[in-house]
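J.: What follows is the residue order along each chain.
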Amino acid sequence: MKIKYTLPLAVLLVFTLFPACEDKNETEEIQTNLVGTWRLTSVQTDGAATDIAAYAGFIRLQENRIFLSYDATAGVLTRGGWSYEGNMLNISTDLPAAYYVLRADGKTLSLKRQDFNPGGGLTITVRDYQLTGDEQIPE
Amino acid sequence: MNKIRLQICLPVLLASFFLLSCEKDEPDKTASMSGLWIQEKITVDGVEMVLPDDAKSLSLLIEPNGVYRTYAKDATDKEHFGAWTITDNTWLEITADTWRLNANPLTQTPANQWAKNHVLTRFTVLNVSDSRLEIRLKTYEGEKKYSALFVEESRPLITGDNLDKINEEYKTLKTYIYTFGKEQTN
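As they're listed, the protein sequences go chains A and B. Using numbering that gives the first Met the number 0, the final residue of the first sequence is 138, and nothing's skipped along the way. Using numbering that gives the first Met the number 0, the final residue of the second sequence is 185, and nothing's skipped along the way.
Do not take every clue at face value.
Claimed, not checked - Keeping only pairs whose Cα atoms sit at most 30 Å apart, straight-line, the calculated DSBU-like set for lysine-lysine is:
1. B/Lys28 x A/Lys111
2. A/Lys111 x B/Lys55
3. A/Lys111 x B/Lys77
4. B/Lys170 x A/Lys23
5. B/Lys115 x B/Lys170
6. B/Lys173 x B/Lys40
7. B/Lys143 x B/Lys72
8. B/Lys40 x B/Lys144
9. B/Lys72 x B/Lys115
10. A/Lys23 x A/Lys111
11. B/Lys144 x B/Lys55
12. B/Lys181 x A/Lys111
13. B/Lys72 x A/Lys111
14. B/Lys28 x B/Lys77
15. B/Lys181 x B/Lys40
16. B/Lys28 x B/Lys40
17. B/Lys115 x B/Lys164
18. B/Lys115 x B/Lys40
No wet-lab data here; the hints were simulated from the structure. Small disclaimer: the values here were computed from a predicted structure and weren't measured.
Let's have the full structure, built from the sequences with the hints guiding it.
T.: Below you can see the structure in the form of structure tokens.
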């Protein structure tokens, strides 16, 4: 009886330890949480809030890796592609700049981007988004 | 008895194998590369180069998605970018804007004397830590001089007086060592 349980228990031990090497699930979870239509709610540049009260901006990250950006104030729709590689969100229309995903919980999204300032240092921009309906972006 | 031992030892051996496969003998250079680096000096064949003003303030931003950007605040062409990767935990391979002479440049109009390409360049990573990056490049003098490595120098108008000299630069091998210091970012 004792022998009967030894092998399954040992095999279970192997499969419990093995996944510890991988962070694949975390990447997949972020990718899943990125998908949706998002409304821009705030922008901070080097920690200072930018007034976006008069601006209505939306982005959509589609499951098929199509990216849409809609400036509802100007009525301008931009199309591109997106990927999540090296723990960064790459949007074809913004490359070579890419985004660090600070938060992606399925309801809110927070993206950080670094750009050179005139002195050669970095300007940090953080954009916060809230999940909204697909109808916000006309196609 | 032997069967029981095998049933216990085999899975334990397997578990050890998988656990050890997670460990690396050397620190992972890929993880250390990301960040904002400021160029401090370049040596050529062991002698420190006198850097022009635009190269003294060069910023190199390496990000984990495999893209790098450079910014030279005093240069005419301030920004360049390309892809980067670490291979065999030894080499830093980057793609960079490179200028080479077209065939028969003396018969070409000034605008067609030089051709721009975006090509792969391989550096050896000598040292990368939390504060310092040292990379070595062995290449032709002309390749370095007329590429965005990392500041793009102006290209001269090709004449009968300087053509031989520039051709010679593309045949002369030099070893360059770039040293960068790391800037702390949020």
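J.: All hints are to be evaluated individually against the structure, with a verdict given for each.
T.: These are the hints, each one checked on the structure:
Restraint check for B/Lys28 and A/Lys111: the C-alpha separation of about 24 Å stays at or below 30 Å, so the hint holds. Proximity of A/Lys111 to B/Lys55 is assessed by CA-CA distance (about 28 Å); at most 30 Å being required, the pair is judged to hold. A threshold of 30 Å between alpha carbons decides the hint, and for A/Lys111 with B/Lys77 the separation of about 23 Å falls inside it, so the pair holds. Simply put, B/Lys170 and A/Lys23 have alpha-carbon atoms about 47 Å apart, too far for the 30 Å limit, and the pair is violated.
A hinted pair counts as satisfied when its Cα atoms are at most 30 Å apart, and B/Lys115 with B/Lys170 qualifies at roughly 19 Å. Straight-line distance between C-alpha atoms of B/Lys173 and B/Lys40 comes to about 16 Å, which keeps the hinted pair within the 30 Å bound. Distance check on the hinted pair: B/Lys143 and B/Lys72 sit about 20 Å apart at the alpha-carbon level, within 30 Å; holds. Only pairs whose Cα atoms come within 30 Å are accepted, and B/Lys40 paired with B/Lys144 is accepted, the gap being roughly 15 Å.
Of the supplied pair hints, the one linking B/Lys72 and B/Lys115 holds, its CA atoms being roughly 22 Å apart against a limit of 30 Å. This hinted pair checks out: A/Lys23 and A/Lys111 have alpha carbons roughly 22 Å apart, not beyond 30 Å. Annotation: proposed proximity of B/Lys144 to B/Lys55 holds, straight-line Cα distance about 15 Å (limit 30 Å). Proximity of B/Lys181 to A/Lys111 is assessed by CA-CA distance (about 20 Å); at most 30 Å being required, the pair is judged to hold.
A distance of roughly 23 Å separates the Cα atoms of B/Lys72 and A/Lys111; the hinted pair therefore holds under the 30 Å criterion. Straight-line distance between C-alpha atoms of B/Lys28 and B/Lys77 comes to about 28 Å, which keeps the hinted pair within the 30 Å bound. For the suggested pair B/Lys181 and B/Lys40, the alpha carbons sit about 13 Å apart, so the restraint of at most 30 Å is met. Using a Cα cut-off of 30 Å, the hinted pair B/Lys28 and B/Lys40 holds, with the two alpha carbons roughly 21 Å apart.
Of the pairs offered as hints, the one joining B/Lys115 and B/Lys164 holds, with about 20 Å between alpha carbons and a cut-off of 30 Å not exceeded. At roughly 26 Å between alpha-carbon atoms, B/Lys115 and B/Lys40 fall within 30 Å of each other, so this suggested pair holds.
Of the hints listed earlier, the one the structure fails to meet is number 4.
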